[in-house]
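Student: Residue numbering for the sequence shown follows the numbering used here, starting at 1383 and increasing by one per position.
Just so you know, the hints here were simulated from the structure itself, not pulled from any lab data.
Since the structure is predicted, the reported quantities are computational estimates derived from the model, not experimental observations.
Note that CB positions come from ideal geometry on N, CA and C, so glycine has one too.
Errors might be hidden in some of the hints.
Claimed, not checked - Label-pair restraints from in silico Cβ distances:
# : residue 1 : residue 2 : range
1 : Arg1410   : Glu1487   : 18 to 26 Å
2 : Gln1388   : Leu1471   : 38 to 46 Å
3 : Tyr1465   : Leu1492   : 41 to 49 Å
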Amino acid sequence: MRGALQAIPRGQLEAGKAIGLRFGQSLRYVLLPQAMRQILPTWVNSSTEIVKASTLLSVIGVAELLLSTQQVIARTFMTLEFYLFAGFLFFLINYAIELLGRQIEKRVALP
């Protein structure tokens, strides 16, 4: 966030002061919307990586999902189908985060 705010030209803050905005108002109405446009792609990528590499997800989520998958496979002998389904669930989680990021990017995009 800091890098995105520093990337905004100093004249933007001065322009906010020139039209009578206090610092907090300039930050809220002028600087943060511009910073969000710059930081959003990085935020979406980081969120996806956190889900993929999270220790909690890796230890509990993957182990629990694979254990459950192996139990079902032992009963049904449908190995490929259940492992594909388990992989699809993780893909779905990451894809949902990516779609959310795209929607937010569209909302804050310049016309």
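Student: A separate judgement is required for each hint: does it hold in the structure or not?
Tutor: Evaluation of the provided hints:
A hinted range of 18 to 26 Å holds for the C-beta pair Arg1410 and Glu1487, which are about 20 Å apart. The hinted window of 38 to 46 Å between Gln1388 and Leu1471 holds, with their beta carbons roughly 40 Å apart. About 44 Å separates the C-beta atoms of Tyr1465 and Leu1492, a value consistent with the hinted range of 41 to 49 Å.
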